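Asker: I would like the entire structure built from these sequences, with the hints used as guidance.
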Amino acid sequence: MNPLLFSNFTATSCIGLGLGQTLDALCHQRSGLRRCHFETVDLDTWIGEVQGIDDVRMPPGLREFDCRNNRLAQMGLAQDGFAAAVEEAAARFGRHRVGVFLGTSTAGILQTELAYRRRDIATGALPADFVYHGTHNQFSVADFTRRFFRLAGPAVAASSACSSSAKVFGSARRMIEAGLIDAAVVGGIDSLCLTTLYGFNSLELLSNQPCRPFDAERDGISIGEAAAFGLLTRPPENLDSDAILLLGIGESSDAYHMSSPHPEGLGALLAMQAALSIAGLASEDIDYINLHGTATPSNDAAEGMAVFALFGGDTPCNSTKGATGHTLGAAGGIEAVICALSLQQGLLPGSVNTRSLDPDLDINYLLDKRQRRISRVLSNSFGFGGSNCSLVFGRAN
Amino acid sequence: MPTRQLTVSLEGIGLLGPGFTNWLTGQAILAGQSGYVPQATVLPPSTALPPAERRRAGKAVKLALAIGQEAIVAAGLDPSTLPTVFSSSGGDGYNCHAICETLASVDRRISPTRFHNSVHNAPAGYWGIATGAMLPASVLCGFDASFGTGLLETVTSVVVDNTRSVLIAYDTDYPEPLRSPRPIFDAFGVALVLAPPGGKGSLVEITVSLVTEPPSRLNDENLESLRQSIPAARSLPLLQAIALGKSARVVLDYLDTLRLAVEIAPLLEKSFETVL
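One line per chain: the protein sequences are A and B, in this order.
Residue numbers for the first sequence follow UniProt numbering, so the first one is 1 and each next one is one higher.
Residue numbers for the second sequence follow UniProt numbering, so the first one is 1 and each next one is one higher.
It is worth saying that the hints were derived from the structure and are not from the lab.
Possibly wrong hints are sitting among the right ones.
[Claimed, not checked] Per the computed footprint, the stretches of chain B lying under chain A, defined by three or more beta-carbons under 8 Å from a beta-carbon of chain A, are: (1) 121-127; (2) 149-159; (3) 169-180; (4) 241-248.
None of these values were measured; they are calculated from a predicted model.
We put the CB at the ideal spot given by N, CA and C, even for glycine.
Answerer: Pasting the structure below:
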């Protein structure tokens, strides 16, 4: 594929608002996970909650979008000069030539969960202040972002569970390559809600300790929330040496089970192979893999097998979910930004909370961070329904 | 507004909705050869699924599988060899209602099946299990723009990746109390097998571009009401133009001021007439 410039990226999660705090947490191997006191949730688990979301106010004219998910989106796009960069792209290319491609799994469904507690006793109706299209509907976050920036190009929400915000890079790339747009706002936003907390609990996939990816004693995920944004454009002729390029995207389906991965990680393997193939790279060209690494026994085992099958036991890899938690539909976006930071800073992040590695998984899993110049990285995102996506990023030089 | 035109071949169609039982009879209705009688959508059981998954499948899964399979059978293709694009304005409304009711009650324990059925990509997951397709599946939401969203994703996939791709666009109804704020009254779905132009199996070629003109409307009052009521039915002007089997240009609803112009160029007018 023709590489695309991934620029002006930013991340907001429980480890920090914006790149500065995020990088500081990664450098100091700090986890943002805390014991769950979210809303009225009575589960014994740990979560990655972003502080201050409740204080965010929607801009005038966009009040219909008021919900935790869009407040988090607004927090995210206010960091690192991202809003100014979108404005600049809109001015340069035209508002109808900038598209919006955002991943989310549950959007603002928390708003509906809360509204169901306030149903009319006589009629069962939801309260009059409930706005379905601006909150609950998956498209709401893409619609909000498009309106926030007064863009007039195509917009879409990708919602394939935990691969959502990796797959938006594919949709954006196809639309740029087809010539319909010149720039794409890409990213992922997912926020805490009762559906995912009680849902993962029902599957017995929530850990009651901070999650421990690839640990021999891993016992489930810690749910987090996050907003990640960036711009994809065709690269200019002259690039800064630390500019980040999207080099490859690989997508596949497990065709196996709704909530369990293919036991040998076959779908994951196909996605990684496809990403390398479209990038014209071999496995030895990859310097670091940011694993999906959710810390459930079956996910990490399947992914470990797939990584070993393709990369053998040498390529450094690990999961950053011990720091951020599993941010579900935002995971692909957050981890794309972490990969971009890794490339720019020469930082291979550590695996926070992982103590003793699973001896059955024969991969080069890094427990502690390393400082080393790297050129190309791969990021994995896999989701329910067997939806897999791998991204390859590289430094421009 | 300059925008590139993207041309693809259409090789198969699946259709299910109020008063529509499949593309063959739907084609006759849309071509004006038989009258349109609005009737509740009948969703067939998903026989391609293993028994356990079949029991767990909700309306959206049944609809997506039925229309996807109809389109692929019509095109004479093997579903395990085809990438897909699933586009819907919402998920399984009944499942969502049940989860929200439970979470608002004293006992918040929801069932694992309800939870995994709640993801927007549940139909894509069940599709993979039913067909064995390990190829990419995009799963999108565009609220009222969901059909145009899916069509753009599918067309750009075909053009950029030079591959066939199957658009499966579908919407199902919510029960109350969600139906009041989101009044989709019944299930409607359309599937299109799209391919790079010039292939042997092409029925028509369609050329898609972004425009800002108002969307085409349907003359039949009931069909126009259906078009406006269910996002996937925003496809009806395109389906009608295909059913009529003549060169045509329609404008499909998409985002607020952004629309999709589709030029339809029939290739096999003769075989079309025999089908009609």
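Asker: The structure should be examined with respect to each hint, and the outcome stated for every one.
Answerer: Quick rundown of the hints versus the structure:
1. Residue count for the segment 121-127 of chain B with a Cβ under 8 Å from a Cβ of chain A: 5. That meets the three needed, and the coverage hint holds.
2. Here the segment 149-159 of chain B counts 7 residues with a CB under 8 Å from a CB of chain A, which clears the bar of 3, and the coverage holds.
3. Requiring three or more residues with a Cβ within less than 8 Å of a Cβ of chain A, the coverage given for the segment 169-180 of chain B holds, as 4 such residues are present.
4. Counting residues of the segment 241-248 of chain B whose beta-carbon sits less than 8 Å from any beta-carbon of chain A gives 0, not enough to reach three: the coverage restraint is violated.
In summary, the structure is inconsistent with hint 4 from the numbered list given earlier, while agreeing with all the others.
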